[in-house]
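Every position in the sequence shown, counted from 1, becomes a number in the working numbering once 246 is added.
Be careful, since some hints might not be right.
[What the hints assert, rightly or not] What follows is a list of derived Cβ distance ranges for each label pair: (1) F698 / E825: 55 to 61 Å; (2) A527 / S946: 37 to 43 Å; (3) D569 / G523: 49 to 55 Å; (4) P393 / V925: 55 to 61 Å; (5) D569 / R690: 37 to 43 Å; (6) P503 / Q849: 42 to 48 Å; (7) P503 / G695: 36 to 42 Å; (8) S352 / Q914: 16 to 22 Å; (9) G523 / I737: 34 to 40 Å.
Worth flagging that the hints you see were computed from the coordinates, not collected in a lab.
All of these numbers come straight from a predicted model, not from anything done at the bench.
The beta-carbon is built from N, C-alpha and C at its ideal position, and this holds for glycine as well.
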Amino acid sequence: MTAEADDGDLLEYVASGSDGARRLHLAVPDAYCATCIQTIEEALAGLPGVCNARVNLQRRRVQIDFEADCDPATLTDTVTRSGYRNHPIDPADVDDKDPALRELVSALVVSGFASAHTMFFSEAIWSGVEGDTRTLFYWISALVAIPAVAYAGRPFFRSALAALRVGRANMDVPIAIALIATTGISVLETRLAGQHAYFDAATMLLFFLLIGRTLDHVMRGQARNAASNLARLAPRGAQRALADGSLVFIRLEDIAPGMTLLLKPGDRLPVDCEVSGAAGAVDMALVNGEAMPVEASAGTQLPAGALVLDRPIEVVATRPAGDSFIARTAALMEAAEQVRTRYRGIADRASDLYAPLVHIAALATFIGWWVAGAGWHTALLNAVAVLIVTCPCALALAVPIVHVVAAGRLFARGILMKDGAALERLATVRHVAFDKTGTLTTGRPRLVGQVFGTGDWLPAASAIAAASNHPLAMALAAAGREPMLADCREIAGAGVEARIDGQVWRLGNARFCGAQDDGGGEGSRVWLAREGEVVAAFDFGDDIRGDAAATVAQLHGQGVSTSILSGDRAGSVGRVARELGIADAAHSLAPQDKVAAVEALRQKGPVAMVGDGINDAVALGAADVSFAPAAAADVGRAAADFVLINDRLLGVPFALWLARKADALVRQNLTLSMAYNIVVLPLAAAGMVTPLIAAVAMSSSSIIVVVNALRLRLQGPPGLEVLK
């Protein structure tokens, strides 16, 4: 839904969170620059009950998080009073129509038509027509140019007027002044039968401005990450299987957990589901990036967007549409676009200075030429050129366009960037620390056997292990297949404590169970203790990931050092370190020990942490940048800046390479945009740039910045294995 809503309908667009917080998305089609962002966000931030307000300039929308007692109508009214048209939207809806682009294209066509005709009459005037004939041609040009400027200039006039109404100035204010001034001078010259009118310059000026604005809009859409395409993968609904065996179509938004759905070959899963019927082949490329189908049998968890291939399968919905894999991924990508980074802050502050400085420069230019005796006509034209040529469109685009392209490139390679600021931090990383189990290894340990204690302790250990999601505990529970005990509690980074017949049992690492572990052996070990006495120990094997060695080698090739921070025993950690060529390996670390190790590494430079478990969450938060595989625990994924949705470690060196390239492009864009304004301002003030040339130069600077950012799409990582 994108139609405007009155106050009574506004609540339909408000989403409620589990914590009682509420969220509203508004479309703000007139937001074009950093000043627009600042104006809207500051106005909303000043309202009581507003928790957060973020403007996404790429999508022309604002996301507002607010408390339950805050009236949504107040939010829309505040944005309106700030000078920006707005209407509520449903972010889940994907609309291929772009009204802003349609308006720009129609304006571009009108201005192009007017430019061609005014240029035709100007050629006759330039050929030497004099007297009444010259004046007649000027009036004919006026009849074409004035309505064309009024119609095609609407995007600039509307934005400028909205800003002026609230006492602010944005980059469209000087453009609007320049268009009005150029056309006004021409009308006055024609009225006085003067020798010079600039209707052709006014229409051509508008034509080139619109070319730049339209290309900017199109390139933003092309550069934007895959969030919109991702949302399109979710079907609009599915066939629900009822208790009597009949099928009924149910809309996506009405699918609830527990509903049974029947999917035919060629259907995509609308929500996250669990297979409840016969096995079938499923394309999981959306999640793991692999073209090889997966055989999904009863109990297999499938994400929204997975494609059914060979036979119908019956599934049970496990999450609503708003919390599906597709919805969560798209929301994270959207959030990554909105994050304010260090470079974006620099660009925004520079843009904030634009309005007062450019108007001062234009006024100084006018006064200077007037005092020099050039006359008001020449002085005004040179001032208009200054207003146009110094528009900071390129500066406003310099940073966000690179981050948007980078986010899209990462997602295409199976890497979800949750925080745009993390991309800047990643470019500085010189050390990467890895967890072992589930990160460098497959995380699917196999029980080797009981290596300590007399008697068979597997049933008791299996029953306690069923209370944990740790990979070792899950392997132990699967081996014994005992039902989970009722009185159990898991202690992160240690193990599980249970009460059986009044006795305290512990299953976990040696420290937690009070065991004396010499660290021998090359497998992982879990201990079992009863009333403080160790009664058994179990060893596990865990295979190293197939791409772990290549990942470590590529990081070393990029000048990045590596280490292992693991809670596992010395023998197991040492084996993995030797096979992967990692010299620095720490073992038997509790969660707080991992944090201390990360802090120690940070003393030598920025650190990235790669981990997957509950016990890694605090260390992930302590690192400068963090990665988590898609198979990681929920808390681990939540703490990470990047999620490897294809579960491939090669995403880490690729992301590092891309971050460094993005950092270089951001610096180039900032340099280009600032250098442009430094060079063209004195030229325009000196009368060496006409308004028409100024329009071409300003539009070209924005296009150059966007095209430079798009180079990130084409460049490949030399010496790195390409992720597929």
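Supplied distance hint 49 to 55 Å, evaluated on CB atoms of D569 and G523
Given range 49 to 55 Å: violated, Cβ gap about 23 Å.
Given a hinted range of 16 to 22 Å, is it respected by the beta-carbon distance of S352 and Q914?
The hinted range 16 to 22 Å is violated for S352 and Q914, with Cβ atoms some 34 Å apart.
Mind checking the hinted window 42 to 48 Å against the Cβ distance between P503 and Q849?
Check passed, 47 Å falls within 42 to 48 Å.
So does P393 sit 55 to 61 Å from V925, Cβ to Cβ?
violated (36 Å)
That 37 to 43 Å hint for D569 and R690 (C-beta), does it hold up?
violated (26 Å)
Using the C-beta atoms of F698 and E825, is the stated range 55 to 61 Å upheld?
With a Cβ separation near 26 Å, F698 and E825 fall outside 55 to 61 Å, so the hint is violated.
With respect to the beta-carbon atoms only, verify the hint that A527 and S946 lie 37 to 43 Å apart.
violated (52 Å)
Holds or violated: the 36 to 42 Å window for the beta-carbon distance between P503 and G695?
holds (39 Å)
A range of 34 to 40 Å was offered for this pair. Does it hold for the Cβ distance of G523 and I737?
Because 38 Å falls inside the window, the suggested range holds.
The structure shown violates the earlier hints numbered 1, 2, 3, 4, 5, 8.
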